[in-house]
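The residues making up each chain are set out below.
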Amino acid sequence: MLSAEIIISDLNKIRKQAPLIHNITNYVVMNVTANAQLSIGASPVMAHALEEVEDMTGLASALVINIGTLSPAWVQAMIRAIKRAEAKKIPVVLDPVGAGATTYRTKTASQLLQAGPVAIIRGNASEIRALVETNAQTKGVDSLEVSGAAIEAGRQLSSKYASTVSISGPVDYIIKGAQTIAVYNGHPLMPRVTGLGCTATALTAAFAAVNHDYFQAAAGAMAIMGIAGELAGESCLGPASFEISFRDWLYRLSDKEIFARLKIR
Amino acid sequence: MLSAEIIISDLNKIRKQAPLIHNITNYVVMNVTANAQLSIGASPVMAHALEEVEDMTGLASALVINIGTLSPAWVQAMIRAIKRAEAKKIPVVLDPVGAGATTYRTKTASQLLQAGPVAIIRGNASEIRALVETNAQTKGVDSLEVSGAAIEAGRQLSSKYASTVSISGPVDYIIKGAQTIAVYNGHPLMPRVTGLGCTATALTAAFAAVNHDYFQAAAGAMAIMGIAGELAGESCLGPASFEISFRDWLYRLSDKEIFARLKIR
Amino acid sequence: MLSAEIIISDLNKIRKQAPLIHNITNYVVMNVTANAQLSIGASPVMAHALEEVEDMTGLASALVINIGTLSPAWVQAMIRAIKRAEAKKIPVVLDPVGAGATTYRTKTASQLLQAGPVAIIRGNASEIRALVETNAQTKGVDSLEVSGAAIEAGRQLSSKYASTVSISGPVDYIIKGAQTIAVYNGHPLMPRVTGLGCTATALTAAFAAVNHDYFQAAAGAMAIMGIAGELAGESCLGPASFEISFRDWLYRLSDKEIFARLKIR
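Chains as they are written, first to last, in our numbering: chain A, 1 to 265; chain B, 1 to 265; chain C, 1 to 265.
Just chain A, with the same shape it has in the complex (with noise of 0.2 angstroms):
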């Protein structure tokens, strides 16, 4: 299903094509996602008016859809881009940011889901729980172990939208239909820092605009990530020199370091 040479075939492509990847993400991230798609060698663009959503959609090879910070305007030109994403064919990567915390986030992550095809929808456990379950609490946007039951969640999410499900963890999960992929790369200080998740996300875009078997694309990206983090925590003091060294590796990660590192299953 994945390997090694896949996961480096899609990231030179990356590096190669650079390709433009369309983000309507939320304030806190928007720097630092941009900062890993321009460290993996892709070229993000950010664009949220009603009046340009589309067009910048249109000239863009995937589309990242996040609702860490929505509001009213914001969800209308993320459906506006998804159903231009459609029409183009263009992968769009959904993170439902605190889908379950509040009921306009988890109701608001279902709007979107109708509103077009969404080909990987990342989150973590208790996101993509509430996804599924009318009774999931989520504390905050706040990682969590991936359960039985947020596989068993990601399972029906998939099925009901045809979409792989990437959930995040200290081991992530990567679904689709029957098909699962383990990546057991990582590090702890992950969720120290801001952002890493939507990072996630912005990573699997950069994978799905290059690689359209999105099954492989999303376990590719997260296996990146977690390479990226353990060769971060090798050498950090704490929280903020791990962003800072996990962004460099992003950008230094060869064949050899994923060679020997990627533990997936």
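Note that these hints are calculated values from the structure, not bench results.
Treat each hint with caution, since some may be false.
What follows is a set of in silico ranges between Cβ atoms, one per label pair, in the way DEER data are often shown [to be verified]:
| hint | chain 1 | residue 1 | chain 2 | residue 2 | range |
| --- | --- | --- | --- | --- | --- |
| 1 | B | PRO170 | C | GLN17 | 16 to 22 angstroms |
| 2 | B | SER147 | A | ALA260 | 55 to 61 angstroms |
| 3 | B | GLN17 | C | GLN76 | 32 to 38 angstroms |
| 4 | A | LYS263 | B | SER110 | 55 to 61 angstroms |
| 5 | C | GLU257 | B | GLU152 | 44 to 50 angstroms |
| 6 | C | LYS160 | A | LYS88 | 32 to 38 angstroms |
| 7 | B | PRO72 | C | LYS83 | 19 to 25 angstroms |
| 8 | A | PRO72 | C | GLN76 | 18 to 24 angstroms |
| 9 | C | ASN12 | B | PRO72 | 37 to 43 angstroms |
| 10 | C | GLU234 | A | ASP255 | 24 to 30 angstroms |
If the Cβ cut is set under 10 angstroms, some of the chain C residues that face chain B in the computed set are [claimed, not checked]:
| hint | residue |
| --- | --- |
| 11 | ASN35 |
| 12 | GLN37 |
| 13 | VAL45 |
| 14 | ILE244 |
| 15 | LEU250 |
C-beta: ideal position from N, C-alpha, C; glycine also.
We have chain A already, so just place chains B and C on it with the hints.
For chains B and C alone, coordinates are given in the frame of chain A:
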């Protein structure tokens, strides 16, 4: 009134409980203050839409209101959040960024103070003065020396709103009624990093979430800021490497550094 | 036209006067550009609400207008700020981010240029071309080589609006009427960090605040950018450590490095 033991106890509570802090703050610092809260052990969330702001405050243990890039829709959300915080009896920490610079900011800060109880008002000397003096002048959002006039303004403000007032500067002054704590920790590079005042506010909310003696909480947060700043200042090359090291130290701080360095009166 | 002595004199004025720069800029780079201005010695403020935008411009020594994440309400505020800057006779620096990518951006950039005098237009080659050529194409907000066509477009733009035009690329070209300065300083990692174009704009405004020969100011800012970039490039591991070192060098730069490294023609 305050000791290293109390500060250490508060810090351990934050690290253990990971209190959820709801931040309605400015675009410039969202990433920085979320990261500061994560580094110290708290759990930040940002949400400003009228559709969800009360629900999010309802999940939180403290609320940050920061007017750094305000606009009418955001002010309306801030007022709703303050009222929800009042109903839920959680502390509100207000940062009147740029009060005195424009009439709109000064008026909005006053409007927010009247919307519900504010546990702690945290600003620089010119902002605090602007909230009580009709003819005070602010130059942008810069910090200034904390003069006797600022302390007197802080005392009036504390009395008028039954709030703790925390004034940052080369020496920080925390005021509640007739009581004052002066914090001598800090580093001259701190004003060269954008959003460190807002970071002080964000950390103050984390302390207030676990210590309902808000006078202690406000002073403890400023002491931790100052100590982390001193440690960062010892190994940096300029404001950017200072900022990275400062955030690492928020995560790394142990009892030893706090005991060795705390300078309060 | 320009010498190391003039650049050093401008830099010292910025450090001594700490001019207040009013920035109406995009969400992605607000933190980064505020920090760049602080590092170089200027005093940034961000404000976009119609209720205060004119008051804030009224306090400032220069105005930055950056359309990176524009929307109609923000454009309205930008126009008001430009008119206030005209009345107050302070320089406006316009960054037409993404002009050419969408019709909305290209039209808005033109609308802003007609709202009042713009001292300096600073963009990359494709953005500058989009402002004079009706069929120019931009791929997102990426920088491109500065071709002869871009220089010619810059000259037309300079003539039409009586502005200095500053085009960034591997070599930067600063154009005013028939005059041109080429800046050869810089580093290949610079396009791998988001917002360094916007940072160039932010620093250009700081220089324009203290040197009303805007042709000199624009070129001096690009030279400082490039020199700090070269120094940062000598000790970094990737784009993130580059960004940290770059900001440190903006703060650390002394006459020595400027004399030794300046490469302009």
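- Item | Range hint 55 to 61 angstroms (beta carbons of B/SER147 and A/ALA260) holds or violated | At 60 angstroms between Cβs, range holds.
- Message: Please check whether C/ASN12 and B/PRO72 have a Cβ separation lying inside 37 to 43 angstroms.
- Response: holds (41 angstroms)
- Message: Given a cut of 10 angstroms on the nearest C-beta pair, is the interface hint for C/ASN35 held or broken against chain B?
- Response: holds (5 angstroms)
- Have a go at the C/GLN37 hint: is there a Cβ in chain B nearer than 10 angstroms to its own Cβ? holds (8 angstroms)
- Message: Holds or violated: the 24 to 30 angstroms window for the beta-carbon distance between C/GLU234 and A/ASP255?
- Response: holds (27 angstroms)
- Cβ-Cβ distance between C/LYS160 and A/LYS88: within 32 to 38 angstroms? This hint holds: roughly 35 angstroms between Cβ atoms.
- Message: I want to verify a distance hint. Is the separation of the beta carbons of A/LYS263 and B/SER110 within 55 to 61 angstroms?
- Response: Because 57 angstroms falls inside the window, the suggested range holds.
- Task: State, for the Cβ atoms of B/PRO170 and C/GLN17, whether the hinted interval 16 to 22 angstroms holds or is violated.
- Result: 21 angstroms Cβ-Cβ, so the 16 to 22 angstroms window holds.
- Report holds or violated for the interface hint on C/VAL45, using the least CB-CB distance to chain B and a cut-off of 10 angstroms. Holds - the Cβ of C/VAL45 comes within 10 angstroms of chain B, reaching about 4 angstroms at its closest.
- Query: Honestly, do A/PRO72 and C/GLN76 meet the 18 to 24 angstroms range at C-beta?
  - Reply: Because 19 angstroms falls inside the window, the suggested range holds.
- Item | Whether the CB-CB distance between B/PRO72 and C/LYS83 falls inside 19 to 25 angstroms | 21 angstroms Cβ-Cβ, so the 19 to 25 angstroms window holds.
- Message: Less than 10 angstroms between beta-carbons is the criterion; does C/ILE244 satisfy it with respect to chain B?
- Response: The hint holds - C/ILE244 has a Cβ within 10 angstroms of chain B, the shortest such distance being about 4 angstroms.
Hint 3 alone, counting from the list given before, is not met by this structure.
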